[in-house]
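One-letter residues, chain by chain:
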Amino acid sequence: MGVIDEEKASDNGYVPPLRQIQVGGTTEPISVAERIQEPDPLLQQEEVPYFDDTQPEWFEQIMRTESLSISFGDKKAVKEVSLPVNAGEVLALIGPSGCGKTTLLRSLNKLVDLTPTAKREGRILLDGTDTDLYDDTYLRRRVGMLFQQPNPFPMSIFDNIAYGLRERGSKRPRKKELEPLVVDSLKRAGLWSEVKDILNQPALALSGGQQQRLCIARSLAVMPEVLLLDEPCSALDPISTSIIEETIVELKDEIAIVIVTHNLQQAERVADRVAFMYLGDLVEYGVAEQVFNAPQAERTKDYVRGDFG
Amino acid sequence: MEAASLGTKAVPKEEDPTNRRVELLLGALASSILLFIAGMVIFVFLKGFPSFAANGFAWFGAGGNVDEQLANIFNSPADPAEYVYFLRAWPLLWSTFLISATSVAIGIFVSVFTSIFIVEFAPTAVARVLEPVVKFLAAVPSVIYGLIGILVIVPWINDTFITEEMRESVAYVIQLDGSSVIAGVVILTVMICPIMIAIVTDSLRQVPRNWREGALALGVNRFRALRTVSVRAIRPAIVAAAVLASARALGEAIMLSMVTGSIGFAPNPFDGILFFFEPSRPLGATIVDGAEGLSVAPFGQTMYAFAFILIISTAFLSFAGWVARQSLAKYSVGAK
Chain A
1 MGVIDEEKAS DNGYVPPLRQ IQVGGTTEPI SVAERIQEPD PLLQQEEVPY
51 FDDTQPEWFE QIMRTESLSI SFGDKKAVKE VSLPVNAGEV LALIGPSGCG
101 KTTLLRSLNK LVDLTPTAKR EGRILLDGTD TDLYDDTYLR RRVGMLFQQP
151 NPFPMSIFDN IAYGLRERGS KRPRKKELEP LVVDSLKRAG LWSEVKDILN
201 QPALALSGGQ QQRLCIARSL AVMPEVLLLD EPCSALDPIS TSIIEETIVE
251 LKDEIAIVIV THNLQQAERV ADRVAFMYLG DLVEYGVAEQ VFNAPQAERT
301 KDYVRGDFG
Chain B
1 MEAASLGTKA VPKEEDPTNR RVELLLGALA SSILLFIAGM VIFVFLKGFP
51 SFAANGFAWF GAGGNVDEQL ANIFNSPADP AEYVYFLRAW PLLWSTFLIS
101 ATSVAIGIFV SVFTSIFIVE FAPTAVARVL EPVVKFLAAV PSVIYGLIGI
151 LVIVPWINDT FITEEMRESV AYVIQLDGSS VIAGVVILTV MICPIMIAIV
201 TDSLRQVPRN WREGALALGV NRFRALRTVS VRAIRPAIVA AAVLASARAL
251 GEAIMLSMVT GSIGFAPNPF DGILFFFEPS RPLGATIVDG AEGLSVAPFG
301 QTMYAFAFIL IISTAFLSFA GWVARQSLAK YSVGAK
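Protein chains in written order, with my numbering: chain A, 1 to 309; chain B, 1 to 336.
Hints in this document: simulated from the structure, not taken from any laboratory. These numbers come from a predicted model, not from an experiment. Some hints could be false.
Stated by the list, open to error - Residues from chain A that keep clear of chain B, each with C-beta distances beyond 10 Å, as calculated:
(1) Arg-120
(2) Asn-151
(3) Leu-251
As the list claims (entries may be wrong) - Residues on chain A that point at chain B, a partial pick, calculated with CB under 7 Å:
(4) Met-145
(5) Gln-149
(6) Arg-168
(7) Val-222
Using N, Cα and C, we set each Cβ at its ideal position, and we do this for glycine too.
Chain B with its partners taken away, still in its complex shape:
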């Protein structure tokens, strides 16, 4: 838009009416999408507001069993005056944060190293096969990962890692059956890595050969040159990839609802090794699982409240990513 209007102003004499029309059309399209998104955020917030209003800041806190609270909301009396809103969403928020952040953190390492391999070390033939495969993997629907997760990974974790003592030690609170945080993290990492690898590989290819040769010519070894020049230069792209992956991780619902046990439990890091095998349920999965109950007004509003948290977190992440890229941009190449 901006560029187009500047372009036409640069040539003052007889403006081509087609330019003007295209400009208006594209402008209208762009504005309507922006309006639509803004409208959606406001709509979701207004819909979810009763849940926030009834609980105040305690909404975000811990307290009681979140699954029981949700059941109570679902079983609210029909009279609007007696709607139940009581909710302490902490287990769901913690689960969302825990699973997304861990996956993205692992994903950053995996994707940077994989990209370095593809760009620097893989023989051309291998790279030529790997890259399209990676891009294909990025497009695999999440339900397929969920299916593999629930049929293969979850039973495997259950058989391999979870001992009877572990089961007994927490039997009075939760059941350990392999559906767990670790299953969610592993599969989510596999899911988000392809897109990160694609972004990081593309930007690593954009690093001028000049820079690397310059570093090598100073007697710096190849790995060091890679780390201190190439990877350093693509930091904005790594941030961009991480933001995109976080957005996908935050919003992932189906797969996580299948493999994390779908229990509103906050895994406790102080449980030691057990922590990884405890079930939980992030926000997205909660919305999917609650889909049948949406016709119950207070329950629907609670789901809207979850949706609003997801939207806001994603927006905040994008903004934080933008700020980070700005501060890195003056020393870098690739995504800005």
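So here's chain A without its partners, still in its complex pose:
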């Protein structure tokens, strides 16, 4: 299960099925290293079990990367990463700085394509369909994103939330039609009670934590199926951080969430699954408790113990 040797993972060419539904836990985790020592050739050729199957619940894959590589010029930032994103769960990408986790995240909604030097190989699937078949704007409406720095637009709170709805089509909806959606988004992001009387005030006048929740609400307004969070709390104080974390946990039933974080405690608090990346490789992927409490790979062990990074 958990351990994926970066070379092995690409060598054995394992491609997980599109919508895999698994029930019940069966085997004990076996690391690749152990298996190589096995004399039985049949067992050696067995594919690395990709998904954690100890979870008793049903899950559904909403997104998946297939041997995704991203390079900037000569520098490979992400190397042959195959990673599923499950609906109804929070997936945390952890790893030291420069390990490619943010690049991986930004590639999921093709924001990385904005960098002229970026080159992508491999596939990204959304609901079983290659995202290259989708228009970028369509993909980004289904896969929303929240940035490290809160980035409300220089407009009123209402206009911020309504922005994505107003600017996506050729017809601008009227304020009346937008209002219920705006209110609903603010409620889901847990900001409604704080801003319900000041919807026409500039959004930049809010506090940092409120701004970040406003950005969550703004993303939610366009009804995404996946929400990407790029270190959403790194610019915030502890109280705002915990409010955002609560919001994330509340949202995960409706939206698959992928969060990049430097904060291991945060990953432990919010994540159902964790992927550990190191120098562009996906080193380990598994259920959160297992990755934190019984990591399989040496580097994961070192990292979660705090030896580097």
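Chain B: place on chain A using the hints.
Using the frame of chain A, we list chain B on its own:
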């Protein structure tokens, strides 16, 4: 000044005498410049006052041929009691407004689109060449534009657009020879665009990448994101650029006196297409053209009156620009 004095007050113990001296020196410099400008405005107004006083509000109105009126003022009897002041300045005012406003309006569009190209779409190498070139163009002396205008643009307009019928249709009032409103507008637009492009480009670069990425991440396409976030955010800078360009356009004299035909005629929008090819003469050009006559007292005073109108319009524009920027500032970046 203000900031400096606050800075020294924040550290109450033993004030450095150098700070105090620098503060006084800079303060004196700033105040003397302000005093000088205020003095100049008052001086110009007092000098031009006889012209305003003699005509009242009719000064601003239309009536008769402004060139003949100016000639009469120039030929005033030597006796101060018999000075001629009669003037209906409307053709000059209308020409000034028409040429400046049109150029600035065109300039806003051109500069915003050019800046977007430079910042968003031009390859780095191109942008690196374009930007210094634009800044250089902003510094080209206007007489050079005037020369090109009178030698190239005016004959070209005359040969290409003006037909014999057009000439004949207005022959009893004016001569059409290519020197025209449109020549002035085209060249003035070329003249004021570089400075506007420079300002708008600088502020467009200041728009946080964050905002644009945020808009893109919501599934808004690139052009829409540019328009609704970036350009929206730099509106104060666009206003600032427009004000600066208007000031330059209002004050432009030499070039306009060369290419607009220098005839005190008010182009009439109801003349249809002909409107663009009619000559005119704005205030600045009138002052330049009248330079020889300044020793004739009433004529000099009339010129002062024109100068006062120019100063006041520029001041009013700056103020209006400031008000506009204030109201836009809370939602924006760049020039405030």
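Hint check results:
1. With a cut of 10 Å on Cβ distances, A/Arg-120 stays outside the contact zone with chain B, its closest approach being about 17 Å.
2. For A/Asn-151, the non-interface assignment is contradicted: its Cβ lies about 4 Å from the closest Cβ of chain B, within the 10 Å cut-off.
3. The beta carbon of A/Leu-251 is kept farther than 10 Å from every beta carbon of chain B, the shortest such distance being approximately 17 Å.
4. Restraint check, A/Met-145 versus chain B: the minimum CB separation of about 4 Å is within 7 Å; hint holds.
5. Hint status for A/Gln-149 relative to chain B: holds, with the closest Cβ pair at about 6 Å, below 7 Å.
6. Residue-level restraint check for A/Arg-168 holds (minimum Cβ-Cβ distance to chain B is 6 Å; threshold 7 Å).
7. Interface hint at A/Val-222: satisfied, since its Cβ lies 6 Å from the closest Cβ of chain B, which is below the 7 Å cut-off.
In this structure, only the earlier hint numbered 2 is contradicted, and the remaining ones agree with it.
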